[in-house]
Amino acid sequence: EADIYQTPRYLVIGTGKKITLECSQTMGHDKMYWYQQDPGMELHLIHYSYGVNSTEKGDLSSESTVSRIRTEHFPLTLESARPSHTSQYLCASSSGTSGRIDEQYFGPGTRLTVT
Amino acid sequence: KNQVEQSPQSLIILEGKNCTLQCNYTVSPFSNLRWYKQDTGRGPVSLTIMTFSENTKSNGRYTATLDADTKQSSLHITASQLSDSASYICVVSDRGSTLGRLYFGRGTQLTVWP
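Chains as they are written, first to last, in my numbering: chain A, 562 to 676; chain B, 93 to 206.
Extracted from the complex, chain A is given alone in its bound form:
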């Protein structure tokens, strides 16, 4: 069982609200990721980080932003939530050890519903 945590697990919020989804890991991994997943669809990478103060946008355009001030913490923020943001958000981390398969460990996810 991977030591990666996400809070809240479920969130129902009104349009226009600012929200922050929390993700933390205790494995000391340098690399962290945020994925978005709709029911029956594949995971899409929306943000990733290779270390403290490093953040990059993923393949899927997202209105969310991320920060990486501490190794173990990688929060995702939506400044103004909209119904189109309704989805499951999965956080993952990996050690990024050179020369080895970079296995990603996933958190339990946050199910976000914007009304």
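I should point out that these hints are in silico values taken from the structure, not numbers from a laboratory. Wrong hints could be hidden among the right ones.
Claimed, not checked - A few chain B positions that, by computed beta-carbon distances, are all more than 12 angstroms from chain A:
#, residue
1, Lys109
2, Ser120
3, Asp131
4, Met142
5, Arg153
6, Thr162
What the hints assert, rightly or not - Residues from chain B that face chain A, not an exhaustive set, calculated with beta carbons under 7 angstroms:
#, residue
7, Arg134
8, Gly135
9, Phe196
10, Arg198
We treat Cβ as the ideally placed atom computed from N, Cα and C, and that holds for glycine.
Fit chain B to the supplied structure of chain A, relying on the hints for placement.
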């Protein structure tokens, strides 16, 4: 275009029966292929990871095969249990380690009935 296609989309089997899930990919260059199990409302959990040189890998009742020439993989589940009900996701990486980009399939939704 790099893609990962899984079949069937969904599958229902009776407890104790075996089943095989399929994955075809067009990802190139190929680094490794992973099978994940995702329970409803949870994050994916890794079952197996195979590199180019590996033809088969087992994890308990789960056995994955890889044919890198035809770009096909399968996941065989033996003596299914109710707890096997989940989505099984095939993921292909196009490079190793630090530059690895992952391509996800949409998953096969497996339901095991008693």
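Discussion item. Over 12 angstroms from every CB of chain A: does B/Lys109 meet that, or does the non-interface label fail?
Written reply: holds, 24 angstroms
Item to complete: Verify that the Cβ of B/Ser120 lies farther than 12 angstroms from every Cβ atom of chain A, and report whether the claim holds or is violated.
Response: holds, 17 angstroms
Worksheet item: Measuring from the C-beta of B/Arg198 to each C-beta in chain A, is the shortest one below 7 angstroms?
Response: holds, 5 angstroms
Worksheet item: Is the Cβ of B/Thr162 farther than 12 angstroms from every Cβ of chain A?
Response: holds, 22 angstroms
Discussion item. So, as I understand it, the hint says B/Gly135 touches chain A; can you test that by seeing if any CB pair is closer than 7 angstroms?
Written reply: Given a least distance of 3 angstroms, the restraint on B/Gly135 holds.
Worksheet item: Looking at B/Met142 again, its CB stays over 12 angstroms from all of chain A?
Response: Contrary to the label, B/Met142 does not stay out of reach of chain A, its closest Cβ about 10 angstroms off (not over 12 angstroms).
Worksheet item: Against chain A, does B/Arg153 keep a CB gap of more than 12 angstroms to every residue?
Response: holds, 19 angstroms
Practice prompt. Evaluate the condition: distance from the CB of B/Asp131 to the nearest CB of chain A exceeds 12 angstroms.
Written response: violated, 9 angstroms
Discussion item. Restraint: B/Phe196 near chain A, CB-CB cut 7 angstroms. Satisfied or not?
Written reply: holds, 4 angstroms
Worksheet entry | Satisfaction of the B/Arg134 interface hint, Cβ to chain A closer than 7 angstroms | Given a least distance of 5 angstroms, the restraint on B/Arg134 holds.
Consistency note: the structure conflicts with the earlier hints numbered 3, 4.
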